[in-house]
Structures are given as structure tokens and as C-alpha cells.
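Peer 1: Assemble the dimeric complex from its two separately framed chains, guided by the hints.
Residue numbers (numbering that gives the first Met the number 0), protein chains in the order written: chain A, 0 to 292; chain B, 0 to 307.
A few of these clues could be false.
To be verified - Below, a sample of chain B positions facing chain A; criterion: calculated Cβ distance under 10 Å: (1) S20; (2) Q34; (3) L301; (4) K305.
Think of the hints as simulated: they come from the structure by calculation, not from any bench.
For glycine and all other residues, C-beta sits at the position ideal for the given N, C-alpha and C.
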Amino acid sequence: MSEDLIPAVKIENLTKTFPVPFRKEKVVAVDNLSLSVKQGEVYGLIGPNGSGKSTTMKVLLGLISATSGNSSVFGMNSTETASRGSVGFLPENPYFYKYLTGAETIAFYGKLCGINRKEIKERTNELLKLVELEGARDRRLAGYSKGMLQRIGLAQALVGRPKLVVLDEPTAGVDPAGSRKIRDLIMQLKEQGITVILSSHLLEQVQEVCDRVGIIFEGKLVREGSLQELIEIENQTELVLENSNPDLLEKIKKLINDQEGVNLIRSGKPKTTLETLFLRETGGESRDAKNDS
Amino acid sequence: MTEANEKSFEDNLNSGFKIFSPSRVMAIAMNTFTQLVRMKVFYFLLIFSVLIIGANVLFLNFTFEQELKILQDVSFGAMTLFASIFSIVGTALLIPKDIEDRTLYTILTKPVPRFEYLIGKLLGILFLVAVSLVLMSILFFAVLYIRQYGILAEETNQIRGQPTAEQLSSLKETIFSQGLRLELLNGVIAIFLKASVAAAIALVVSTFASSTLFTIIVSLVIYFIGHAQSMALTYYFPEGDMHGALQRFIAGIVAIMFPNLQMYNVVDGIVSGQSVPFALMARLTGLTGFYLVIYSFVSWILFAKKEL
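Excised from the complex, chain B in its bound form (with noise of 0.2 Å):
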């Protein structure tokens, strides 16, 4: 056979093969969505509203400050739980179950390179943990809006006498200042960042676990070292003893290994009134961008000899 031949041959089956497909990524992805979807994970929105209406409901005795800030903390800590948790368990229980039933057979047997797969996966995680966000802050604003008009309509009643155009004017504005602002959307992208980042560290530890629990209990692990990492680097390495090549070193690998998600917590500000520098979601943004390029690239690495 002449390699003329042999080549004209090999490039028609290459003909229709591309190195990256965005349509095979896209597939994947959906697929994982309409997986979880199907799986019911949707009935969570029902708690998600029990604890929203239960803040509303057994606080009414409080001030209205302290009530528009419970409900905040609530539904803000509502949504970092179910949003870290389906990213976590989520990714977790994916890719392990697609090796054990090898169902990962027949998609890697079909032309998919590995790191199309990871991607598919880890979009269609991102993809439900955004859609939960979404439905979540729609049901949060909503309450919070019609709270806030049912508050102002019970200040304005205790006012003794008829109120001034002024008092309801500031009234209104103590108020408002304390409900439903646009800052508050700022505390959803830190919750969906944050969520990123951890659905990334699961898929890395997915790609070496032997199970859905080992990968479970790793990322949780993981993502509570995250939390305390800051606090470990300021301790062992104060700011004025951070000049050794090794210490920065050190500092820099613990920095990849465990992210300081600490840094995504925002909310506690938000709920307060204080507003997020653009600088500091922006920051928030680019380092989330980093980790999923870090922890996606890892998780190739490892997954690309992985032996199925």
C-alpha cells in the first residue's frame, strides 16, 4: 500500500472528526441538566420556600430591621447550601456512576475526546446550579418585595395621625434601603461563584475517587479547608514574614490546593447594607475563571490515562 494511500484514507475518517466540538460539549452538558432535572432535584425548592416563609412567619414580632435582615441571612444561607451541595453531590455522583454502570463505555467509544467529557459534566452541573439560583432569588425578591410594601404598610399605620408626605418619604427609603436592592443580586453571583469553584474541586477528586462517597466526602473536605485556608496563611505566614521563596511557595500551592472560599462570602456585608466593590466582584470573578481552568486542566490530566 503507498503512504499516499494509507493517508487519503486516514484523512477521510478524519474528515468529520473535530479536535473540539462545542456541539459534544453542549450535548453532555444538557444531557447532565436533563439527568438531575429528571432525578427530581427540582423538589428542594419546596424547602427552599418552607424556610423562606418560616423566616417570614416566625420573626414577625422582631423590628422590621431585624426581620428584613433573617429573612436575607435565610434565604442567602438557603442558597449557599443547596448550591454547594448540588455542585458537590452533583458532581460526585455523575462521573463515578457513569464509570461503575460504564456507561462512560459507550460515549468515550464514540468520537469524544476525555476532556470534552469533563467539560460537558462540569457545564451541565454550572448550568443547574444557575437555574436553581435563579428560581431561588426569583421566590427570595418576591417575598422580600412584598414583605417590604406589607412593612411600610404597618409603620405607616402605628404613625400617630396623618403622616406627612416627608415621614413616608424617609419611611419608605429606611426601608427600602434594608429590602429588595439590586447589591443583593452581587451576594447570587458570590453564591454561583462559589459553587463553581466547588463543583470544580469535585470534579478533580471524581477523576481518581473509586466512589460517589469517597468523592463526597473529599470535596467536603476540601471546600471546609477552603473556608479556614485564608485564616491557616495569615497565621503560619504573617504578611510581614511572607518575603522566603519557600514560604511564598508553599503559601501558593496551599492557595490551589484549597481556595480561600472565604473570600466569596459577601452576603454577611450585603445583608448589613454595605455594598461590594465592583473591583472585588470583578476579582471574584477572574479568580473563579482561575480555578476552573486549573482544576479543569488537573482533572484532564488525570483522567486522560485513567484506565476504564
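Just chain A, with the same shape it has in the complex (with noise of 0.2 Å):
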């Protein structure tokens, strides 16, 4: 059997409750919960705040232990620390050290994932370039703004050219352009063939990137399934028209009404999102992409 079935994540039955203190009965973060994911795919992890999702992502990278329940990474048990060899992995809000410089940052955390000193220069010059951030390379992360610090740290979650990469609300207060520059970057990961793990708020931008997509609600996982199937409405149709004229929609509309049991629910002029028109209006720079150079 090939290596490509073995599932980048499968985590089996994960249970995991806190003790409060002074009272007897615990909180349950996560709840038996089940989940698979596949090698080479972008899968989103999405649910309201305290349901579960950061605490299923920290047992996965052994920052806490399960209560009950596995989880293990290209087959291997998370728990040990050889696991975390295959992962890249960037927290919500990430603090680094603001005294380091962008260059020093990424020489860090290369060094600790074992890559050798020649070998780190070029790959904090190659990631500097792919996160867009080489003009800043020698300033101090003190200076950096939130997004150049998002896409450093998406810098250093690629240092050790991991097979999967885990993201913590990657965009949370990065602008629009900042944020598509991000999503730009995990649809790289993904033509590399890197598994991702994307946990966000943003649930167009999950729409966007994901092939899968998991609901938790309350520790338990309520919805899983390909963005296809959970997104599709099944019994209707949908037809984008260009350069069309009042005659031809009438025509249309008139073709529909005579056919029974078939109903027209809406017609009208596509909407744009709010974020393509900012982009389109701001040229799609951000004031960091500015900064850099």
C-alpha cells in the first residue's frame, strides 16, 4: 500500500476536558471528536469562539495532552516529539522575539529544526521572498506590523519545509490585501502538495481555500465534508449571463414559467464582495507591502 494513504492527520475519539478550580466537574473543550485529513489538502477547522478549535489544534502539536483519544500526524502518535518534524505551525496573534530582525527570526527557527548553517541562508533568503517581507529582513520585528508579523511567522512555520502546515486564524487582523496575500500563500502550499489545517473566522476566505471543511460546535464536530457537498443547494441552478438584454431575460423567464414545478426564485446583477472593490480600489497594496521596501 502506497505512503500517500496514510492520512496527514487523523485524530480518533479526542476528548478534552479542564478542571475548574475549587468545583468538581470539569469543562469539556473538545468531545469525542473524530477527524481525517488527507495528504495534499486544505482542510478548515471553523466554529464560533471556545468551541474547540484551538484546543484540537494544540493536542495535535503536543502543547497539551488528550484527556481520552489519539491523534497522530503521517502516522505517527502527536504526542512524541518527532512528529512535529513533518509540521509547520502558526498561532493566532503570534508574539515572536521583537528584538530579533525578520532574517534572524527565520536563522531561528531553522536552527531548530535541525537545518544546517549554510543551508539556513538560503532558505531565509528564499522564504523572505515568498512571504514578500526581503526589504524588512534586517529590521526588528518591534517595528514590523501585524500583517508583516502574520507573514513572518508563516515564514518561520515553513523553515523546516514541513509536509503539513497548521494555521491559527492566519488573517486575524491583517487588512484585506494583507489577508489575500495569505490566502495567495496557503494556495502555494497547496500546488506543493503541503497538507494544511486552516482554523478561521473568515468563512469566505475558508470557502475559497478549502477542499474540506469540519464544523465544530461545543467540542463536537457537527458537519465535515468537501466544500462541494456542504455548500451546494441541491435542487436549484444557478445561470450568469454576460452581455444579456431585456428581451432574452424576458424570453427566459417566460421559458420557465411554463414549465411546471420549476420555479424562478431570483434574478438580478451579481454582487461583487466588498473585498474585491477595496482591492480593486486601493490597487490590492497594503501600507505593509509599502513598508517593506
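Peer 2: Structural data, given as C-alpha cells:
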């Protein structure tokens, strides 16, 4: 059997409870959760605040231990430190050592991944280019904006050439242009066959990049499936016409009305998103990008 | 999936991972050192310089024996104070801050075992303390060297008439025996060893503490108790009475929880002109090694399963 069939992530019956000081009962953060992420897939984990997304990720990354159940990364128990060799992680609102420069930060995390001195230099240049922070390489992180910090965070997550990248709210607090850059980077990772687990409140973004989505609510996985399966309204069909005219529309409406059991629910001009409008009007460039140079 | 396939894939993942990697530890240690240096801790050298120059200026009217003694007392006192502050505050400041800022997440989600993180932090602090002590020693020894020649010139001038070679030699010997001498290095080493134990204490406390302030206060309390520990043990268990197994057990536990830091205070003797036997320095080094191993192990036990 091929190695590809080993899931990138497998979580089985995971339960995590936290004790409440001076009380007998415990808070159940994750309740008997099972999920599997295939290699090369972009998986979106969505749910309201406090639903157990971050706790699930922390168990997967060995930051906390499961009360019961198992989790594995490429077949290796995630409690083992070695399993982190194939993982890159970007926490929500990351704080890095602000006295280090961008290049020093990537080099530091590269050393932790066991990369040798010569390769670190090349890898640092490569990653700074990828996250478009070459212009800010020698600036201390104390002077970075939030968007730049997120991108340097993504660079440190990628420094060890991980096969799985876990991103917890990667675009939190980032402006639309910065957010789009991060989204483009996720798409690049997908093209390279890197598995991505993404937790986000921005559902539109999840919809754009994810192959499959799991919805967590009160510690339980309430829905899971491919994006198409989850959001498709099976008994409806959408037609979008370009350069049509009122006569043609009338004809189509009449044709529809003549069909028994078929209803026209709505017609009108499709809307662009506010984000697209914003990016078009601002030239798609954030101040971060300008600051970089 | 066959077991063989599973195993080969797991081996593949494991191939680049070492259970203990000195280069990872050094990366964390050097990062800790850089962090403290860039926090501008070396500004303390200015205070140290003011203190030793002040000690010189303020006590010019004293006899040269008193003057040299005060200079050494002040210098060793300041070195002990700075080394202890760096050890305790440095450790207390960095580990809880890494946890509060979640920087620790980005480190421990790399293939870095938790004990490597702790050892790296401790080594980084000890490296800073060592560099600080070297810099302070250079300043101290330079001032002492200049001063002893200054005193020699002043004392020579006070001899009526032309001093004989014998008089000069005797005067030089008297002054230099209380000036710059190799024995002072033992004092610096003892200060470093004591600061190392203090850093290890702060390391243990920081693994279960919830804040920097708590770590500093608890570590300082242990540090001060450590100076009174031997006195308390002698009072409660006079030597002749230390026969019972229970008494020995209690004394052992107290000695591990509160190391006998009074033992490291060899500088008073050195300043008074006594020499420190090699056996005592070897014992202090061994004891420090023992405390570093024990405290690092306890820190790892407490930190290994800590929920972050």
C-alpha cells in the first residue's frame, strides 16, 4: 500500500477536559471528536469562539495532552516530539522575539529544525522572498505591522519544509490586501502538495481555499465534508449571463414559467464582494507592502 | 496498510530527528543571550564602574590596607549582587514571558524536546552571567592594578630620604599581597557558581509559576533561606545529634530544597588575605554541578506535562 494513503492527520475519539479550580465538574473543551485529513488537502476547521478548534490543534501539536483518544500526524503519535519534524505551525496573533530581525527570526527557527548553517542562509532568503519581506529582512520585529508579523510567522512555519502546515486564524487583524497575500500563499502550498489545516472565522476565505471543511460546535464535530457537498443547494441551479438584454431575459422567464414545478427564485445583477471592490479601489496593495521596501 | 510500510514511513519521518541535539540547545542558549544583551543589560557596567571608582575616591584618606580592602569588598559585593540579579531576574523574566506571549508555541511545535528548551534557556542565562563577570573582573582588576601602583608611589614618597632597595621590596610585597593576586579569581569563580545555583532555582520556580513577579519573589525567598540554611540545620540538628534516619532525611530534603549558599561566600576570606584551598573550590564546583543536575531534572519533570 502506498504511503500516500496514510492520512496527514488522524484524530480518533479525542476528548479534552479542563478542571475548574475549587469545583468538581470539568469543562469539556473537545468531546469525542474524530476527523481525518488526507495528504495534500486544505482542511478548514471552523466554529464559533470557544468551540474547541484551538484545543484540537494544540493536542495535535503536542502542546497539551488529550484526556482520552488519539491523534497522529503522518501515522506518528502526535505526543512524540519527532512528529513535529513534519509540521509547521502559525499560532493566532503570534508574538515572536521582537528584538530579532526578520532574517534572524527565520534563521533561529531554522536551527531548531536542524537545518545546517549554510542551508539556513539560502532558506532564509527564499522564505523572505516568498512572504515578500525582503525589504524588511534587517528590521527588528518590534517595528513590524500585524500583517508583516503574520507573514514572518508563516515563514517560520515553513522553514523546516513541513509536509503539514497548521494555521490558526492566519488572517486575524490583517487588512484585506495582507489577507489576500496569505490566502495566495496557502494556495501556493496546496500546489506544492503540502497539507494545510486552517482555522478561521472568515468563512468566505475558508470557502475560497479549502477542499474540505469541518464545523466544530461545543467541542463536537457537527458537520464535515467537501466544500461542494456542504454548500451546494441541490435542487437549485444558477445561470450567469454576460451581455444579455431585457428581451432575452423575458424569453427565459417565460420559458421557465411554462415549465411545471420549476420556479424562478430570483434574477438580477450578481454582486462583487466588498473585498474585491476594496482591493480594486486601493490597487490591491497594503501599507505593509509599501513599508517593506 | 502493511506494518512494514507504516514503519518505513515512520522511520522516514524520524530520520532527521535526534532525541538530543546540542545545536538546538545552543540555538536557544544564544537566542536567550542575544535577547538579554539587546535588552541593554550591559548598562549595569556603568553602575559597576561608578561603584568601584566611587569606592576609590571616597576612601582616599584611609590607610592603604583599608583602601584596598574596601575596593575589593565593594567590587565583590557588586559582582555578587549583579550576578544574582541576572540569574534570578533573567530566568524569571524569560520563561514566563515566553509562555504569556505564546512564543513558546512556536518553539515547542518544532522538533524541540521540552528539556532542550529548559537547558538552552539556563545555558543562555549562565553565559550572560559569565560574560558579565568577566567584564566586571577586567574592570575590577584594572582599577586594583592601577591603584596598587599608585599606593606604592604614594608610600614610597612618604619614606624620608632615599628608600633602600630592601625597604622598597618590603613595601611592594606588603602592598601587592593585598592587591591584584591570583586568589581573587577564586572569588569570581565562587560568585559564578552561586549565581548558577540561583538561576537553576529560578528555573524550577518558573516552570510552575504563573507570572514573572511570582517567580522572582519565590526564587529570592529560597535564595535568602539558602544563606541561613546551614545555621538553621546546625541549630535544630546539632552535629552530635544527627544520628536518626528521620533527622538525616529531613536535613537532606532541606538541603536540596534550600541549597547551602553560605558555603559559596569565600570572598570575605579572600579579601582578608586568606587563601581558598583547592579542595574547597572542587567541592563547590561539584556541589554546583549536583544542584544544576537536580534542579534541571525537577524543572523537566514539572515542565514535561505542563499544559500550554
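Peer 1: Decide, hint by hint, whether the structure agrees.
Peer 2: Results of checking the hints against the structure:
1. S20: holds, 7 Å
2. Q34: holds, 6 Å
3. L301: Violated: closest Cβ of chain A sits about 15 Å from L301 (chain B), beyond 10 Å.
4. K305: holds, 9 Å
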